[in-house]
Amino acid sequence: MKWAAGIAILGLVVLMAMGTWSLFPRPDVPSWEEETTAWGAENAVAAIVLGARLWDTLFEVLVYAMAMVGVRLALRPLRQAEPQAPLPETPLLRRAADVLLGPIVVFSIYLAASGHLGPGGGFPAGALLGSGLLLLALAKGAERLGGELHEPALELWEYGAIALLLAVGGGVVLLGWRGEHVLLGADFLIAVVVAIGAWVVLHNFASSRGEI
Amino acid sequence: MSYAIGGVVVYLVLGIVGFLVRPRWLCGALAIAAGGASLALWAPGFPEAVLGGTGWGVSVAGDPLALGMWALALVIHGTALLHERARPGAFHPLLTLLLGTCLATVLSRDLFNLYVTLELVSLLSFLLVGYEGKSRAVWASLQYLILATVGMTLYLLGVGLVYGKLGTLSLSSIAALGPGLSAPAVAIGAGLLVAGAAIKGGVFLFGLWLPPAHGYATTGVSVVLSAVVVKMGVVVLARLSEALPVGPILVALGILTGFGGLVYALWERDLKVFLAFHTVSQLGYLLIGFGLGGPAALGAVLYAVAHGLFKGLLFIAAGQAIETTGEREIAHLADRLAWPTAVGLAVGTWAIAGLPPLAGFTAKGALTAGLLLPMKAVLVALSVGTAASFAKVIPLLRPGPKREDSSGGVMILIVVLVGFGLWDFASRPELRQLGKWAEAAGGALGGYGLYLLLRRVRPRLPRITLDRATVVALVGAAALAAGLLFLG
Amino acid sequence: MDGMAASALAIALVGLGLWTLVRRRNVIWKLLGLNVAAGGAILFLVAVAHRPHAHPAIAELGPGPSADPLPHALVLTAIVIHFATLALSLVYVIFLTERRHSQDVHKLEEER
Chain A
1 MKWAAGIAIL GLVVLMAMGT WSLFPRPDVP SWEEETTAWG AENAVAAIVL
51 GARLWDTLFE VLVYAMAMVG VRLALRPLRQ AEPQAPLPET PLLRRAADVL
101 LGPIVVFSIY LAASGHLGPG GGFPAGALLG SGLLLLALAK GAERLGGELH
151 EPALELWEYG AIALLLAVGG GVVLLGWRGE HVLLGADFLI AVVVAIGAWV
201 VLHNFASSRG EI
Chain B
213 MSYAIGGVVV YLVLGIVGFL VRPRWLCGAL AIAAGGASLA LWAPGFPEAV
263 LGGTGWGVSV AGDPLALGMW ALALVIHGTA LLHERARPGA FHPLLTLLLG
313 TCLATVLSRD LFNLYVTLEL VSLLSFLLVG YEGKSRAVWA SLQYLILATV
363 GMTLYLLGVG LVYGKLGTLS LSSIAALGPG LSAPAVAIGA GLLVAGAAIK
413 GGVFLFGLWL PPAHGYATTG VSVVLSAVVV KMGVVVLARL SEALPVGPIL
463 VALGILTGFG GLVYALWERD LKVFLAFHTV SQLGYLLIGF GLGGPAALGA
513 VLYAVAHGLF KGLLFIAAGQ AIETTGEREI AHLADRLAWP TAVGLAVGTW
563 AIAGLPPLAG FTAKGALTAG LLLPMKAVLV ALSVGTAASF AKVIPLLRPG
613 PKREDSSGGV MILIVVLVGF GLWDFASRPE LRQLGKWAEA AGGALGGYGL
663 YLLLRRVRPR LPRITLDRAT VVALVGAAAL AAGLLFLG
Chain C
701 MDGMAASALA IALVGLGLWT LVRRRNVIWK LLGLNVAAGG AILFLVAVAH
751 RPHAHPAIAE LGPGPSADPL PHALVLTAIV IHFATLALSL VYVIFLTERR
801 HSQDVHKLEE ER
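Going line by line, the protein sequences match chains A, B and C. In terms of our numbering, the first sequence opens at residue 1 and continues consecutively. In terms of our numbering, the second sequence opens at residue 213 and continues consecutively. In terms of our numbering, the third sequence opens at residue 701 and continues consecutively.
Mixed in with the good hints there might be a few duds.
Stretch-level coverage of chain B by chain C, calculated; a stretch enters the list once three of its residues show a Cβ under 8 Å from a Cβ in chain C [claimed, not checked]: (1) 349-357; (2) 680-687.
Listing some non-contacts, in silico: residues in chain B with all C-beta distances to chain C over 12 Å [stated by the list, open to error]: (3) Ala246; (4) Gly370; (5) Leu404; (6) Thr677.
Cross-link-like lysine to aspartate or glutamate pairs, in silico, DMTMM-like; alpha carbons within 25 Å at most [to be verified]: (7) C:Lys807 to B:Glu541; (8) A:Lys2 to C:Asp804; (9) B:Lys346 to C:Glu809; (10) A:Lys2 to C:Asp702; (11) B:Lys346 to C:Asp804; (12) C:Lys807 to B:Glu344; (13) B:Lys346 to B:Asp482.
None of these hints come from the bench; they were simulated from the model. Glycine is no exception: its CB is placed at the ideal position from the N, C-alpha and C atoms.
All chains, please: the whole structure from these sequences, using the hints.
Here's what the structure looks like:
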């Protein structure tokens, strides 16, 4: 059977190469400046992700959020069954967390606010904040931090942000909302969703260790 | 357009809010109501609109296929909601989101948007299949996940090729650009797109994850998956064939999946896995119809709705049977079912065998109207095979000792199925000819005869494992791309 | 790196990833292979967007050829979706490891 797989993969690679060969030389890119400024952004990718193709971005955020729900759901029975020994604490991590957490939070807010000016949108801001929370968790102990971060409140924030994002999306798509303030709102909402989602995933992974 | 998209947005918002609100089924029920209102407002369809501006935006349009799928999705959601109304936790919000996304998928006419919505549909399906945390279901779910990602990787490569050559993601623009598959990049890209969608849709050789996933999930989930979600792959394939001339490929895939699924169904002993293999086979009718286009495509839409209804009914009845008796094997379930379940199974079997006057018969009639003889022969052969494989369910239709039956879902589906069938029957005078009835009856009897013949035969069918499924899917994809390149 | 070299790399990654997916028995290796293959597909989309001597589609970077912004946006979405799917599949692997005490596909496939 392995030769069948090999031939199939080789075939796919060759066919892809043939197809790609015929794509070059590439034609010119159509002009994008006007459309970009019409959306209130300064780079085209933000105008597309947060504006023209917001209908895609909504589903993408839902994919992300539902994956987080799935992570939480699937790992919950495992954590309840066998509580794990806490991760060892190190003074180095604790100092690092003390020093870095402030700048991380400030920088992630800055990133969220300027998301539509760079190509990322709210995503890097959320990822940064989520990683910052993970750093805090590693320093203080995941279970203690999990207890301190009130989980139902986090859920409320997350689902609330997604619902608001859906509403904004509806506004943009159906009512034709445009402009920098729309992009800004979408930025922040996405950052919140991504941050909470990243926290949930990292927290769950850090507290459950699959042992054979 | 606004009513439809607005309806989708409301559906999704209610799904999200459902995570925070008790009782859990409430937001789902509200969503169904909102969806119904939206459907009433945008029926019978709306012309293509671009969300977000013409250059980069996402095209959507409403057509009979979308209409049928919306109606089906709402009915099935209601049935599943009723059947699983006591289930706590995230189940109902997930279900609502799943169906809301299906509603969005059937409206979409954009190559990449189809990818995104299909991924969300798959993700929600993974979650629901593995929901109860039984190892067998989780493994089936993981297999589904891996194969689906392979499919979507191929699909993305296809998007890259087609966009690279044609410069647009909108299916109508691609169709307008023509002349189709003459450019090698577009031909290979189209092959990869079709392969990816086929893997997602559970077509026989491509999507061998389907039988375990549908078979081992809980009843409400199996119903939704088999009745609605599986059609999403077919919808994407149908949309692709609107933009690119891949019709003959769809017909070939349809024949492949029709007979392939049947071969496994004829000898499958677990009731729910049997029904799942049947779903694989029934996709054949849909693909053939969409591949041929024209009036056959409309027949395929009808069949999609009809199949959703009777497959849903069969799964609910099967789930009921398994829950009350604790047995999964068909042979062991004989004479043990309560009468509502048995009636449900009987009506479903009657419909799937294509007997008048139910929806199976009318939809098959619409599908086969005006077809040339070879294709008609193929469809008749499929019908005979279907009847043959269902013959072993007949012993189950004798009700056993009376048992408490708490599911109203069975009743709803029976009513809707019978109602739909009768309405369709009444609106098609050509189906009242005795010849057609004789054809259907002959097919069913022929099937029973085939069953008696094959009863003694016990072939060793190759077992489906993850590696084999992956390799087969890749071989199929390479064959599709190469085929479209050289024959397109 | 120009567009053609990037596409070639992308296709090679896809082939390598799919080969790993098929040939390895350990589920985590399979997921790694799948990850690499998906990365290859994403790189392919970016390569399609590239133009010779192009700058990114940011307004301040002045005249001159710019890269096509649409595939860049698609890629952002694809990466997020892919990450989410990978996270979920790893979680299922953790679950199966705890319950079935194996990551070998052949053992997981046996009926319980």
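Against the structure, the hints come out as follows:
Against chain C, the segment 349-357 of chain B contributes 5 residues with a C-beta closer than 8 Å to a partner C-beta. That satisfies the three-residue criterion, and the hint holds. Counting residues of the segment 680-687 of chain B whose CB lies closer than 8 Å to any CB of chain C gives 3, so the stated coverage by that chain holds, three being the minimum. Every Cβ of chain C is farther than 12 Å from the Cβ of B:Ala246; the closest lies at roughly 27 Å, confirming the non-interface assignment. Not every CB of chain C is more than 12 Å from the CB of B:Gly370 (nearest about 9 Å), against its label as outside the interface.
At the 12 Å boundary, the C-beta of B:Leu404 falls inside the reach of chain C, the nearest C-beta of that chain being 10 Å off. In this structure B:Thr677 is not separated from chain C by more than 12 Å, as the shortest Cβ-Cβ distance comes to only about 5 Å. Our distance criterion of 25 Å between C-alpha atoms is met by C:Lys807 and B:Glu541, whose separation comes to about 24 Å. As the CA atoms of A:Lys2 and C:Asp804 are separated by approximately 18 Å, the hinted pair is consistent with the 25 Å bound.
Between B:Lys346 and C:Glu809 the alpha-carbon distance is near 14 Å, which keeps this suggested pair within the 25 Å criterion. Distance check on the hinted pair: A:Lys2 and C:Asp702 sit about 34 Å apart at the alpha-carbon level, beyond 25 Å; violated. The hinted pair formed by B:Lys346 and C:Asp804 meets the criterion: a straight-line CA distance of about 18 Å does not exceed 25 Å. Taking the CA atoms of C:Lys807 and B:Glu344, the gap is near 22 Å; set against the 25 Å cutoff, the hint holds.
Taken as a hint, the B:Lys346 and B:Asp482 pair is honoured in the structure, with Cα atoms around 17 Å apart against an allowance of 25 Å.
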